[in-house]
Amino acid sequence: MQQLNNFIDTYLSKLHMPTIHWTDVVEIVILTFLAYHILVWIKNTRAWALLKGVIVIAVFILIAALFSMNTILWIVRNVFSIAAIAIVVVLQPELRNALEELGRKNFFSSIIPFDAGKTEGGRFSDRTINEIVKASVEMGKVKTGALIVIEQDQPLREYERTGIDVDGIVSSQLLINIFEHNTPLHDGAIIVRGNRIVSATCYLPLSDNMALSKDLGTRHRAGVGISEVTDSMTVIVSEETGKISVAYGGQLERGMDAERLRARLSDIQNKPVEDKKRKLWKGRSRNEE
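Per our numbering, residue 1 is the first one in the sequence shown, and the count goes up by one each step.
These are computed hints drawn from the structure, not numbers from a lab.
Each statement offered as a hint is correct.
Ranges of calculated distance between the beta carbons of each label pair, as one might list FRET restraints:
(1) Ile85 / Glu180: 47 to 55 Å
(2) Arg254 / Arg77: 48 to 56 Å
(3) Leu95 / Lys52: 17 to 25 Å
Ideal Cβ placement from N, Cα and C applies to all residues, glycine included.
Hey, can you work out the whole structure from these sequences and the hints?
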């Protein structure tokens with residue numbers, strides 16, 4: 001017992017517990033949140049391979065420091081500033097995408113109401129959904145390739161300018177006619193804003209995601225590519241198989257039927273909750289009848 005008291009008096013009495021304030025807790029939470037998202041971002045980009053290379057170099061530097069290899073350490077000190085700039089240049093597309101993703105977060109839009117001018121009925125009407133679904137199914141039956149990009153909050157004018165102005169109300173007949181073989185507007189993508197087709201034959205960025213299936217062609221990679229850099233949703237009809245796919249948030253859902261496609265389009269319609277409940281209630285009423 002005496003030894004324990006001596007240990008406490010000698011060592012534990014010298015320990016100092018810092019005072020923890022609520023701001024310290026908030027700071028820890030923020031840093032943890034940032035560290036987690038930075039690691040997730042690194043894992044899903046080319047930065048993961050770069051990070052592994054940096055770790056290998058760091059091990060060699062540590063060995064050089066332990067054995068006092070002065071020449072190597074001098075080279076490291078002089079190259080470090082240049083290497084930092086080189087890393088920023090190499091990762092410029094990924095850094096840009098990360099900042100764009102931060103700007104698309106819901107908590108940001110809830111603070112600053114960028115979408116104040118949005119119509120009460122949602123981004124587009126139920127009729128527009130039905131026309132897109134109808135056209136996609138019909139084109140799938142005859143294996144007519146199609147690429148339909150639906151704009152959300154992020155403007156697509158940069159890609160709209162690469163095409164030809166259309167400015168027509170969305171209808172299944174117009175969509176089918178645009179993508180019909182050997183017509184002037186069938187090549188490329190169309191952009192839908194609200195209830196109107198604003199542009200056709202638009203060029204889209206291709207995805208370089210290595211996880212995508214090798215049997216996917218340019219049309220599918222373009223659909224995924226535009227969904228990686230914007231918040232748009234893209235409906236893709238395969239010219240080879242006639243299958244319908246949806247690209248959103250850099251992910252590709254394949255083999256969609258009419259009901260699943262209608263549900264995915266309704267997810268981004270952004271209608272008031274009351275309208276969605278009314279629509280669901282009507283659907284249940286019809287089923288009961």
